[in-house]
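Please arrange chain B on chain A, whose structure you already have, making use of the hints.
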Amino acid sequence: MLIHDLRCTYENGGSEISASLDAERVTLRFSVPDPLVAMGDAFVAIALVTAMARGETLRVALDIPVSRRLLGSLRIYQEIYVAWWPHLHIIEIDAPTAVESVDASKRVACFFSGGVDSMYSVVRHLPEIDDLILCRGLDIAPDESERWDRTVDTVKSFAAGIGKRLVCIETDAKKRYRNYTSSNYGALLISTALPLGYARVIVPSSHITYRDLVPWGTHPLTDPLLGTATTDIVHDGATARTAKTEFIVEAGIGLGSLRVCNVYSLYNCGKCEKCLRTMSVLAILGAKSAAFPPYTPLALRSLRLEGWVDDAFWKEILTLARSRNQPRHARAISKLLSRFERREALRSIDQRWLGGAGLGLLRGARDLRSRAKDV
Amino acid sequence: MLIHDLRVRASAGGAEISANIDTERVTLRYSESMPLVSNGDAFVAIALGRAMERGETLHVSPDIPVSARLLWGLATYQDVYVDWWPHLHLVKIDAPAATQSSTPGTRVGCFFSGGVDSLYTFIRHREEIDDLILCRGLEIAHDETERWKLAVEAMARFAADAGKRLVCIDTDAKKRFQCNRNINYGAILIGAAIPLGYERLIVPSGSSYRNPFPWGTHPLIDPLLSTDTTFVIHDGAASRADKTQLIAATRIGLDSLRVCNRSAAYNCGVCEKCLRTMSALASLATESKMLPPFDPGALRSLRLENLLVVGFWRENLALAQSRGQNHHARAIAALLAKHERRKRLRSIDERWLGSAGVHLLRMARRVRGRLFGEG
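From first to last, the protein sequence lines stand for chains A and B. Going by my numbering, the letters in the first sequence line up with residues 1 to 375, in that order. Going by my numbering, the letters in the second sequence line up with residues 1 to 375, in that order.
Hints listed in this document are in silico derivations from the structure and should not be mistaken for laboratory results. In this text the structure is predicted, and so the values were computed from the model without any measurement. Check the hints yourself; a few may be wrong.
[Unchecked claim] Result set (DSS-like, lysine-lysine): computed pairs, CA atoms no more than 30 Å apart in a straight line:
1) Lys-288(A) with Lys-156(A)
2) Lys-92(B) with Lys-106(A)
3) Lys-289(B) with Lys-175(B)
4) Lys-92(B) with Lys-164(A)
5) Lys-288(A) with Lys-274(A)
6) Lys-373(A) with Lys-315(A)
The following block holds chain A by itself, in its conformation from the complex (with noise of 0.2 Å):
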């Protein structure tokens, strides 16, 4: 793969970084007129594991510089990638390093999409940030203008109510260089910064513990290497959700501004795992936000929890209920985490004993059902 042509423009009190990925052309687009940094290292971040799965070179043209640092760090974000996912291939990446300065940026940024994650970073670090960075083009698709202008008009007006800047980028990048099966996701997220030439940019963790960190492509592991001669990479808070949310709770901020739900075409659906997930610690916590409907654990009754990491998630919520005296929504929890349990232990049953022809035979029913109503 070969990354050339790199352009840098500015008009409309925004700002463009553009370059070509063999033959596709990838841009990431600021809201913001801040001089860019006219470097390979974004392009270099999100096409890495791309060229890993191919197994090709990375080859950056003669006229772009990367940071040192980065090619220096992007050998051991091979090789723990390499140890994740064993079909990737190291590769070599062929590319100018940059005479490195020490650049006088002291501005702090982190990603803020409005979920918990990033309303814990955000509250954790106030006096330090400077900027909160929404992107268009990873969890909001670019065709979801309605979400997408939701989004900016809540966020836009949280960051301004705690004196920050918001700065909203898009990307296209995750369209052609997603990896599903080896995820890339914090290369993608973390490329988008990289231009702004920021002293410290925050990944807020999604992971619950520093104990056992699963593979993925937001990793304390990993996402600091991405750091650049300018630019360090920060993942920050690799803690327990229900902490995070009673941390919010607890300093009375961004709580009107939450936005955790993935499923809704709006903002927040209240009925998604995600949404009902957020709710239940809330209202166990005894706090209330506009940006959810009213919550009753009767609402649990219907929820389906899909695997393991939502486990984790409500096993922790439960410990909370418990601990706050609700048994009302302890008792709710238990059976959710019970059902959940119990379809675990049939698919096992299933799988281990029928080779998983239940399964297959329960989804052929539900099928049939589904084609005699539409008939």
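This is chain B only, laid out in the frame that chain A set:
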């Protein structure tokens, strides 16, 4: 706790930096007369673990600046440590952040003990490494004069052959500020080299990226001790068998192996660590003049003490099997089976006898020791 009275001075053919941590004077002595970075970074790294044990704010005198990058890193460092070892406390670090941009270092230093991890890292980064760093006062104690002398002689020979400079560090920091179970080993090691102002300081890894266990030196935490001058790189979390294989392919590596932590001399050839290395070399059909030839019969009296060590021997078993060394493989398999039997017995003893069996055994050993004068 208060860090104060920082002093830097040139000593006979070397340099020295010292500071008071409360009333204890901590000194770092270097065998080379190099300009030292005169700030509080090293002493903050050294004192932090103890402050976290005590739950005390770590104050740094206003005339001793501390790197902004280190202060940021230590916030996450503390998060990780408290998560791993919940008896520790998050503490405030009340230190003046360095306001002047510091000049990044230009040289690359690598900790080097002559063991498998450091030889592997050295071979991988031979071109870029300028200095090899050997520490006294950490794994080689101050009173082990003969062992230190032998290590310095061997490492000086190795460095001269490789065209590198050997820098010896003498520190009393471990004696005074080592935490319970040595969990801040990495911070003291790295802290001791921070004043040397390297651009990159490489810490050879003893971990694996797939399942890194909490430890004093770790890919997650070592880089968090980076300063405005120095990037700390935790390098080469590969399997020990793979590392030995790379070393076995180079004469310089084989002729310099120093793996033993027990011997007053160099390598005892009978401890677990010596046997582990000798076994891997034997499977690779090679040997080092620094270790006696391997006799699989020696494994009969060996006892594996923890899961980490068991992991190393599993790797050795896989290596012996892949190389068709059936005789070795059988001996290692028997060693692992013995460990499994002991583990099962211990588990039964704990579950059904409340560990009475272990106590009886210990008592029987003590009686035998007294009667027959055995250790």
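Legend entry - Holds or violated: Lys-288(A) to Lys-274(A), with C-alpha atoms at most 30 Å apart: 16 Å, holds
Legend entry - 30 Å Cα cutoff - pair Lys-289(B), Lys-175(B): Answer violated: Lys-289(B) to Lys-175(B) is near 33 Å, above 30 Å.
Inset, instruction - For the pair we were handed, Lys-92(B) and Lys-164(A), check the Cα-Cα distance against 30 Å. - result: 25 Å, holds
Inset, instruction - Mind checking the alpha carbons of Lys-373(A) and Lys-315(A) for me, to see if they're no more than 30 Å apart? - result: 37 Å, violated
Legend entry - Given pair status - Lys-106(A), Lys-92(B), alpha carbons within 30 Å: 22 Å, holds
Legend entry - Pairwise hint evaluation, Lys-156(A) against Lys-288(A), where the allowed Cα distance is 30 Å at most: 21 Å, holds
Hints 3 and 6 from the earlier list are contradicted by this structure; the remaining hints agree with it.
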